[in-house]
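S.K.: Taken in order, these protein sequences are the chains called P and S. Reading the first sequence from the start, the letters are residues 1 to 51 in the numbering used here. Reading the second sequence from the start, the letters are residues 1 to 796 in the numbering used here.
Derived by calculation from the structure, the hints in this document are not laboratory data. Certain hints may be false.
To list a few chain S residues with every Cβ distance to chain P over 12 Å, as calculated [claimed, not checked]:
#1 349
#2 675
#3 705
What follows is a list of derived Cβ distance ranges for each label pair [claimed, not checked]:
#4 S:88 <-> P:37: 21 to 31 Å
#5 S:776 <-> P:37: 17 to 27 Å
#6 S:97 <-> P:7: 13 to 23 Å
#7 P:7 <-> S:428: 40 to 50 Å
#8 S:329 <-> P:26: 51 to 61 Å
#9 P:30 <-> S:644: 30 to 40 Å
#10 P:4 <-> S:82: 53 to 63 Å
#11 P:21 <-> S:628: 52 to 62 Å
Among chain P residues calculated to face chain S with C-beta under 7 Å, some are [what the hints assert, rightly or not]:
#12 19
#13 22
#14 33
#15 35
#16 36
#17 39
#18 41
Glycine included, C-beta positions come from ideal geometry on N, C-alpha and C.
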Amino acid sequence: MSIIYFLIGCSLLLALCFLTAFFWAQRTGQNDDLHTPSMRILLDDDDEDLT
Amino acid sequence: MIESALIEKTSCYHCGDECLTEQYTADDKQFCCQGCQTVYQVLSENKLCSYYNYNDHPGATRTRIDKRFDYLSEPSIVSELIDYTDERVTTVTFYIPHIHCSSCLWLLEQLNRINPAVHYCRVDFLKKQLNIRFDHQKLSLQQLVELLYDIGYEPLISLQDIIKKQNSAVKDNLVSKIAVAGFCFGNVMLLSFPEYFGLTSFENSFKYFFGILNILICIPVVFYSGWGYFVSAWQNLRNKVLNIDFPLALGIAVLFIRSAAEVFTQTGAGFADTLCGLVFFLLIGKFVQKKTYHHISFERDYRSFFPVAVHILDNNIEKPIPLSQLHIHHRMVIRNNEIIPADAILLKGDALVDFSFVTGEAVPVSKTLGEIIYAGGRQTGEAIELEVVKPVSQSYLTQLWNNEAFTRKQDNRMQTFNEKVSKYFTIVLLLIAFSSFFFWLPTDYKRGFAAFTAVLIVACPCALALSTPFTMSAALSIFDRNLFYLKNTAVVEQLARINTIVLDKTGTITTGDSTCVKIEASLTDEQKQLVYSVCINSIHPLCRMIYHYLGGMERLRVNKYAEIPGKGILATVGKHQLRIGSSKLVLGYPEKVAHSTNVHLVIDQLYLGYFAFEHHYREGMEKISALEPSLNLHLLSGDQDHERADLVKFFKDTSRLHFNQSPQDKLDFIQSLQNNGDKVMMIGDGLNDSGALKQSDLGVAITDNVNNFSPRSDAILDGRSFNKLPAFLRFSKDTVKIIHFSFLISLTYNLVGLSYAVTGNLSPLIAAILMPVSTVTIISFTSIATHLVAKQRKLL
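Input sequences plus hints: build the corresponding full structure.
M.R.: Right, here's the structure in full:
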């Protein structure tokens, strides 16, 4: 059963990785504007003018 | 005739306004004005017409084209506005009120197709901000703003503005704290499960390991996520205030110390799970409470109403200077639609100044040479020259800001329910904790400590601390849906306690173009044409309304024309003699009793009747006057009292109507009401109300466009929702009731927990179940109840 010590260590490490990833996203401002990207994705970025 | 009628109904391809002429046409598309057509041409030259494909009529109307941006070449102003600059590039963030649809987003992010010197542009849609990085050697800031203006997106430039404030605001890392607490909560819960389910003696070696791990994980929760509670509790203790943070901090500390002690002495499993959950939920409550409206500012003062720069004449050369450098004896040039920023003497030109924002007087005032014009007026008509007699900060209007109401701190407002209750709560909690401690102490000191700590743990007012934020934020989003924007959640409780409403008149209960013209005469088309031809020569607002009302007609040549200021016009057109104006001028005797402003008309000595200008009040005024028995209504107006007869029907009696009030009078009036113990809500719109708004217990600025200037206030109400005001008041009272009820629920949970705790037999499992269950009950109760009540009040 001592494998549990190893497994818990692994799970904590993995969870810490996710926490760090979240911190990184927060610090680089990826969560600052959550609304505009959802609109931007609907717009075409073609170079040809359609009208 | 039919054809022209059809054309009249076509709407502008750019902005969607009605096209009145066929004059502006490009590529078979109709435009309402030169401005809209220009925008279209700029876009089509740059092959950006997809702009019109995403939405119909995405543009802003461009009928006013008299903007000047040359002050943006002044280095001292530029340096205030930009975010960052080096040798090659400059970064700047603009607030652009017109951003409203996906077309705006698309176009503004294609700026480098119009001008390659723009390297990068990003729109933040909710904040209505545009972040631009550009090569300032190829494109100056002024050219950039002109480019934005040319495509119909004029940035709102003001030195004291929202953007800077938001960007400079200190981030309190709340989200990071929640993330840490959530992370720890999840892990501790997993590690605590084995203990709750029971460990066999074979697995007992894990028990100590799990316990140590739990304590280690709790350390960041206590010292990072929960640290704010200790700081706040300490500060409040030093100010001799017992607020809710004190029992919370005490609970966190006791949980941590007792858990650590139990684990290290191997006497128990500790309460690490409860501790992490408590901090996590508390922080979520804090997060919910902090709703911000990015595009609305509640803190604007006169500085954001005034322009950034003003043009002065220096040795007959006109140059722009920042407002802060404007001194006495400077000679200013003010053009049509510009605001006069300082008290000044008129030196040159015809001044017709619109003071509606400062005094509430709706009709522009004409001023003669040598007269002092107070700051805040907007010139309408030709350019004028003025000499400054007082610096900006000491002018008549801005003096109001020196009043003590503006210097005193905001926090002497009403105490919230939470603040009142938590004082008694803390005292009772400490009493129970100590009495259970002393009860067990003689027989079993260990049990005494156990009971003491258990009481502090179980009675930790988590649910109480959460009931207010969750109810208030639900209420806030309901107000928000109904176009009523509150500054913060505490305002809801203030709203519930209001017993007196004071209304401003102009702009508040009347709207911008409140008067409508009615003809009380039967005129032939020819007579209408005569009147139109005469009135179009005058710049008097009533004349303007008449010729706008009569609409586009052919203009006849006027042979003789004389305008008598304040009275009317005498004119000869062809063979006809016209007299248009006041009763005294036209008929020879003063008007007897008039319920409206009338302009009389005599053609060829024959009295034909009059044009009546009636005032219209905002929809829902009757509903507000129906509040009267339970609430006192007052009217404060800077205007003359010629609407007294119209207005008295909305108020109890004439003693409730106060006319000719200066901004200072308004402030004093509010203060006198407050001295009688009334809780006053002031509803106003202009700078002249800002003193009263600030002094009142709840200042509400009313506006027809939330992006426009509104004075500093606790709440901003969109004019369209004015008729919902009684429902808002009732709803706020209901919300407070919901808070009281959820307080009862959380007390019940506390009592259940206490009954275990005083005996000293609180198991970690009970604490771990009780805390989340009570929290979830409170959160779901408050949000469901708030929604039900909102439905009942027809706000949803």
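S.K.: So, for every hint listed, does it hold in this structure?
M.R.: Status of each hint after checking the structure:
With a closest Cβ-Cβ approach of about 46 Å to chain P, residue 349 of chain S is found to remain outside the 12 Å limit, as its non-interface label requires. For residue 675 of chain S, the shortest C-beta to C-beta distance to chain P comes to about 46 Å, beyond the 12 Å cut-off, and the non-interface label holds. Taking the minimum C-beta to C-beta distance to chain P, about 21 Å, the non-interface status of residue 705 of chain S holds against the 12 Å cut. Against the hinted window of 21 to 31 Å, the Cβ-Cβ separation of residue 88 of chain S and residue 37 of chain P comes to about 28 Å, which satisfies the hint.
In this structure, residue 776 of chain S and residue 37 of chain P break the distance hint of 17 to 27 Å, their C-beta atoms being roughly 32 Å apart. For the pair residue 97 of chain S and residue 7 of chain P, the beta carbons lie near 56 Å from each other, so the given range of 13 to 23 Å is not met. Checked against the hint of 40 to 50 Å, the pair residue 7 of chain P and residue 428 of chain S passes, with Cβ atoms roughly 46 Å apart. Taken as a hint, the range 51 to 61 Å holds for the pair residue 329 of chain S and residue 26 of chain P, whose Cβ atoms sit roughly 53 Å apart.
Evaluation of the 30 to 40 Å hint for residue 30 of chain P and residue 644 of chain S yields a failure: the beta carbon distance comes to about 60 Å. In this structure the supplied range 53 to 63 Å holds for residue 4 of chain P paired with residue 82 of chain S, their Cβ-Cβ distance being about 58 Å. For residue 21 of chain P and residue 628 of chain S, the Cβ-Cβ distance of about 60 Å falls inside the hinted range of 52 to 62 Å, so the restraint holds. Contact between residue 19 of chain P and chain S, as hinted, is supported at the beta carbon level, the nearest pair being about 5 Å apart and thus within 7 Å.
About 5 Å separates the beta-carbon of residue 22 of chain P from the nearest beta-carbon of chain S, less than 7 Å, and the hint is met. Taking 7 Å as the C-beta cut-off, the interface hint given for residue 33 of chain P holds, the closest approach to chain S being about 5 Å. Here the hint on residue 35 of chain P is kept, as its CB sits about 5 Å from the closest CB of chain S, short of 7 Å. A hinted interface residue such as residue 36 of chain P counts as satisfied when its beta carbon comes closer than 7 Å to some beta carbon of chain S; here the least separation is about 4 Å, so the hint holds.
Contact between residue 39 of chain P and chain S, as hinted, is supported at the beta carbon level, the nearest pair being about 5 Å apart and thus within 7 Å. The restraint placing residue 41 of chain P at the interface with chain S is violated, with a minimum CB-CB distance near 10 Å, outside the 7 Å limit.
Hints 5, 6, 9, 18 from the list above are not met by this structure, while the remaining hints are.
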